[in-house]
Amino acid sequence: MVSGASDGFTPLNAFDGALLQAGIGNTNIVKMSSILPPGCRQISPIALPPEALVPAAYATLISDVPGEIISAGVAVALPEDQNQNGLIMEFSAKGERRKIEEMVRNMAVEGMKFRGWKIKDLKSIAIRYRIKRIGAVLAAVVLWGQ
Amino acid sequence: MVSGASDGFTPLNAFDGALLQAGIGNTNIVKMSSILPPGCRQISPIALPPEALVPAAYATLISDVPGEIISAGVAVALPEDQNQNGLIMEFSAKGERRKIEEMVRNMAVEGMKFRGWKIKDLKSIAIRYRIKRIGAVLAAVVLWGQ
Amino acid sequence: MVSGASDGFTPLNAFDGALLQAGIGNTNIVKMSSILPPGCRQISPIALPPEALVPAAYATLISDVPGEIISAGVAVALPEDQNQNGLIMEFSAKGERRKIEEMVRNMAVEGMKFRGWKIKDLKSIAIRYRIKRIGAVLAAVVLWGQ
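Residue numbers (our numbering), protein chains in the order written: chain W, 1 to 146; chain S, 1 to 146; chain G, 1 to 146.
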């Protein structure tokens with residue numbers, strides 16, 4: 001689970017800067033929907049090889065309003081039944097980190113409730129950023145197999 | 001070919017619910033552009049393994065206007081020449097299922113005409129939903145190899 | 001590096017036409033973020049097999065304003081240090097090709113400056129299109145391994 005934020009020359013440069021600050025800016029990310037495969041375990045962020053195509057679920061937001069505060073967060077709900085998958089939720093909006101992180105955690109709880117599955121553990125990460133000129137926030141769950 | 005619709009706690013929860021109702025909510029979906037590889041055949045929806053990364057072309061729409069009717073559809077045009085690929089088209093909009101399904105079928109016909117290819121068969125699926133609070137519709141063509 | 005533009009029956013048909021004109025319209029494209037793996041070399045556009053899932057970074061824009069001029073471009077910055085990855089940038093907007101291509105080249109330069117990396121070579125491609133009814137432009141960097 002990683003997060004980053006950055007200003008940039010354009011919206012895409014700001015997004016690139018946020019990926020870099022999150023530690024995933026020098027590898028190709030492919031957006032996936034929001035499932036955590038069974039048997040995953042959390043590892044500390046590692047350097048991804050630049051030739052990889054890495055699946056990730058992420059929340060991002062870009063703003064060009066100087067002074068505006070934006071936040072992005074992701075939450076992972078792990079099921080009690082280890083044969084079931086976990087659920088990732090992503091959320092980004094204007095506002096402070098605490099509010100966005102609480103929302104994305106609630107989203108993961110609701111998603112598991114919708115499945116009728118019990119939650120064993122709920123993890124989350126979120127980041128907040130005040131725009132200078134053009135800025136982006138990013139929070140991501142990156143899948144990586146060894 | 002699958003479809004689903006659902007209300008949810010947030011737009012992403014509604015989308016997650018639509019994926020679940022379509023039977024593809026517990027596996028990671030990666031959005032692809034709209035080509036059906038040669039040699040594919042249609043199978044009944046199956047349970048996808050939760051650890052897979054599954055390519056799919058899909059139409060989706062989310063609304064937070066209670067009472068609004070939204071629909072999503074996908075069409076697949078199969079070519080007469082079995083060495084050529086088929087074409088998938090996706091469409092979603094406000095309105096009734098019949099209208100959206102007709103439109104997406106026309107889109108697939110136009111796409112094949114654009115290629116100068118003859119159509120052997122034209123399949124489609126569509127779904128309609130009336131929003132309670134925040135709802136989503138989804139129609140998808142999922143590729144799966146065994 | 002490819003580009004294409006087309007009118008179409010709907011926005012998605014126009015996009016499909018632009019992919020076809022770019023030579024990548026009969027294979028599935030998966031959108032990736034903007035990294036060029038080390039060791040890549042530029043090849044002339046080739047026919048991609050219709051059963052492939054091909055990663056690409058691309059800029060696209062669709063408009064339904066007849067007479068409007070839209071452009072899309074991509075730039076690739078190659079690093080001096082061959083162990084590092086290159087950077088792809090994408091940009092599309094209303095306006096003439098020259099302006100959009102200059103912008104996307106600047107974006108790639110800024111992205112490499114952000115990394116503190118020196119540029120060995122900077123390549124770009126862009127396309128401009130005047131909308132008839134509903135039209136799309138597309139410029140892409142497609143990764144393909146043999």
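Please note that a few of the clues may not be correct.
Covered by chain G, per the in silico footprint, the following chain S stretches (three or more residues, Cβ under 8 Å) [claimed, not checked]:
#1 60-68
#2 116-130
BS3-like cross-link-like pairs, simulated, lysine-lysine; straight-line CA separation at most 27 Å [said to hold, decoys possible]:
#3 K113/S with K31/G
#4 K132/S with K113/W
#5 K99/W with K113/S
#6 K120/G with K99/G
#7 K99/S with K123/S
#8 K132/S with K118/W
#9 K120/W with K132/W
#10 K31/S with K31/W
#11 K118/W with K94/W
#12 K118/G with K113/S
#13 K123/S with K113/W
#14 K94/W with K120/W
#15 K132/W with K118/G
#16 K99/S with K118/G
#17 K94/S with K120/G
Rather than coming from a laboratory, the hints here were simulated on the basis of the structure. Virtual Cβ for every residue (Gly too), placed ideally from N, Cα, C.
Checked hints:
no., hint, verdict
1, 60-68, "violated (count 0)"
2, 116-130, "violated (count 0)"
3, K113/S with K31/G, "holds, 26 Å"
4, K132/S with K113/W, "holds, 19 Å"
5, K99/W with K113/S, "violated, 51 Å"
6, K120/G with K99/G, "holds, 23 Å"
7, K99/S with K123/S, "holds, 15 Å"
8, K132/S with K118/W, "holds, 26 Å"
9, K120/W with K132/W, "violated, 40 Å"
10, K31/S with K31/W, "holds, 8 Å"
11, K118/W with K94/W, "violated, 31 Å"
12, K118/G with K113/S, "violated, 48 Å"
13, K123/S with K113/W, "violated, 35 Å"
14, K94/W with K120/W, "violated, 30 Å"
15, K132/W with K118/G, "holds, 26 Å"
16, K99/S with K118/G, "violated, 55 Å"
17, K94/S with K120/G, "violated, 50 Å"
In terms of the numbered hints stated before, the structure departs from hints 1, 2, 5, 9, 11, 12, 13, 14, 16, 17, listed from lowest to highest.
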